[in-house]
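J.: Quick note, the sequences are listed as chains A and B, same order. Okay, so the first sequence: first residue is 1 according to my numbering, each after it adds one. Okay, so the second sequence: first residue is 1 according to my numbering, each after it adds one.
You may find that some hints are simply not true.
[What the hints assert, rightly or not] Below 30 Å or equal to it, Euclidean Cα-Cα: the simulated DSSO-like pairs (lysine-lysine) are:
{"hint": "1", "chain 1": "A", "residue 1": "K339", "chain 2": "B", "residue 2": "K15"}
{"hint": "2", "chain 1": "B", "residue 1": "K106", "chain 2": "A", "residue 2": "K350"}
{"hint": "3", "chain 1": "B", "residue 1": "K133", "chain 2": "A", "residue 2": "K132"}
{"hint": "4", "chain 1": "A", "residue 1": "K91", "chain 2": "B", "residue 2": "K133"}
{"hint": "5", "chain 1": "A", "residue 1": "K194", "chain 2": "A", "residue 2": "K129"}
{"hint": "6", "chain 1": "A", "residue 1": "K336", "chain 2": "B", "residue 2": "K86"}
{"hint": "7", "chain 1": "A", "residue 1": "K274", "chain 2": "B", "residue 2": "K133"}
{"hint": "8", "chain 1": "B", "residue 1": "K133", "chain 2": "A", "residue 2": "K336"}
{"hint": "9", "chain 1": "A", "residue 1": "K129", "chain 2": "B", "residue 2": "K128"}
{"hint": "10", "chain 1": "B", "residue 1": "K128", "chain 2": "A", "residue 2": "K274"}
{"hint": "11", "chain 1": "A", "residue 1": "K4", "chain 2": "B", "residue 2": "K128"}
{"hint": "12", "chain 1": "A", "residue 1": "K99", "chain 2": "B", "residue 2": "K106"}
{"hint": "13", "chain 1": "B", "residue 1": "K106", "chain 2": "A", "residue 2": "K336"}
By construction, these hints were calculated from the structure, which means they are not laboratory data.
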Amino acid sequence: MEQKILNVGIDMGTSRSVIAADNGVRTFVLSFVGYAKDAISRKMIGKDVVFGEEALRHRLALELHRPFDKGKLKYGEAIEKESAANIKKAKDVARALLKHLVSLATENEDEGSLIVRGVLGTPALASVKNKKNLLEIAEGVLDDVMVVSEPFAVAYGLNLFSSALIVDIGAGTVDLCRMQGTIPTANDQITTLKAGDHVDQVFLSRIKERYEEAKFTVSMIKRFKEENAAVTTVGERITIDLPVKGKPVPHDVTNELRLACQSIVPDIVDGVRKLVADFDPEFQRGLKRNVVLAGGGSLMVGLRKEIEDYMKDKLGYGRVTVVEEPLFAGANGALKLCKDMPDEYWDQLKSKKP
Amino acid sequence: MGKNTLKNKSHKSAKLHKAVKYTHSTVDYAGLVSWSIITRCSNTIKSSALKTVRPVVRNATEPFTAVKNKKWKLFGKKVDLDIYKKIKEIEEANIQLRKRLAFLEKHGVTRISTAAVPKKEKILSDDKRFVLKEILEDTKALRGTE
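Next up, chain A with everything else stripped away, as it sits in the complex (with noise of 0.2 Å):
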């Protein structure tokens, strides 16, 4: 039977874990794992796992996981303090969750004849134990794959090689890396942990704060937060329905909002301003000239200008483009760069599988 090679780019991220195939297929699951508590919520959901928006639907039925921190594997970087049973459980989650995304993408193959290859994406400084993380999790799920930088991934995927600076926006990190015609190394990256989640945290401490006697949760907020976020001072005003003794009650959190998604701002402009810094003065400007977002939290309205003024303050100069689909560009120049890897690379890969 003639064997078909199924390409995939795969970004697992905090929040969402997308994956992009070369059959067209381009979807996102959110990354949660529900495993059914007991024999009861197995009956009521249908199923032993779960995964993305129906776990969290059935939260209350399920023993919920959220497999990355920060856009590391939980648990990964801190073996001595953690039990290996945590750190197995992480796995097992992380390769469930992996899984299920490859599923989405080989539903109308041919199982028997296909053979999938992957490009995993990873935070632009993850460390070596949680790349090597990632490709023990991805054994057994793809029959070959290679890791790389998140950021890099988005660059290779815009063809933008040397004078721009890609901001990768997750809900963990926020992945900066300079492209200047060479690959990345360690000083041409930076990671901040100022992302999404910071800015569901400060949301939801300042709704707190304001609305003393209204219940949510951070689920509640982060929902709210996706549909909502902006950082600009004009538009409509921003309210809320939340519980207030049991009953729904309209809440203003329009400057709430705008602080808490403002709040990562100084991060990402400390790192472009440290990258732009130490880079050849002669290119400084082409380098600010190209500053491109990418991930989830560039879909926030008004971040683009914001990041532009706050650099044309601390650096005389910026303009900042955000990507056509950014919660898919990491996926997307991942998948590119499987599909370009020549076959005989591959081969040199499974050549020396152990």
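Assemble chain B onto chain A, guided by the hints.
T.: Relative to chain A, chain B alone:
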């Protein structure tokens, strides 16, 4: 004497004529009676004979009927008029497809046989090849294979 002879002759002729008439009537009557008997008999057996013979004949001639029907369909003598409309629609769709194909071919898309798709050679610039090689080496190092 001569009178007697004549009278005798005319008497004989009348008797003969009468005998002929009786004979004719007898034959005529016998014919009618026979016809009547035959008709009555045939009417009696007709319905039961038809009941027996009709299915036998129908089954025996079935293959020929099928061939006959097929032949008419093939040669279009019993074809519904709607079929001409449908054929016309298909022909129009075909023309549209040909036009579309001509457009695609004009703009650089070529038609190839799927059975003989050649394996695509990946054409990469040296820079890209270098980048990809670096990623490969990085992954190999992570796997502890080198």
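J.: Now tell me if each hint is right for this structure.
T.: Going through the hints against the structure:
Straight-line distance between C-alpha atoms of A:K339 and B:K15 comes to about 128 Å, which puts the hinted pair past the 30 Å bound. As the CA atoms of B:K106 and A:K350 are separated by approximately 42 Å, the hinted pair breaks the 30 Å bound. Proximity of B:K133 to A:K132 is assessed by CA-CA distance (about 19 Å); at most 30 Å being required, the pair is judged to hold. A C-alpha spacing of about 28 Å is found between A:K91 and B:K133, which places the hinted pair at or below 30 Å, so the restraint holds.
Among the hinted pairs, A:K194 with A:K129 is consistent with the structure: their alpha-carbon atoms are about 22 Å apart, no more than 30 Å. With a CA separation close to 46 Å, the supplied pair A:K336 and B:K86 exceeds the 30 Å bound. A threshold of 30 Å between alpha carbons decides the hint, and for A:K274 with B:K133 the separation of about 29 Å falls inside it, so the pair holds. Under the criterion of a C-alpha separation no larger than 30 Å, the hint pairing B:K133 with A:K336 is consistent with the structure, at around 15 Å.
Taken as a hint, the A:K129 and B:K128 pair is honoured in the structure, with Cα atoms around 27 Å apart against an allowance of 30 Å. Restraint check for B:K128 and A:K274: the C-alpha separation of about 27 Å stays at or below 30 Å, so the hint holds. Taking the CA atoms of A:K4 and B:K128, the gap is about 25 Å. The hint holds against a cut of 30 Å. For the suggested pair A:K99 and B:K106, the alpha carbons sit about 43 Å apart, so the restraint of at most 30 Å is broken.
For the given pair, B:K106 sits about 28 Å from A:K336 by alpha-carbon distance, which is consistent with the 30 Å threshold.
Violated hints, listed in ascending order, are 1, 2, 6 and 12; each of the other numbered hints is respected by the structure.
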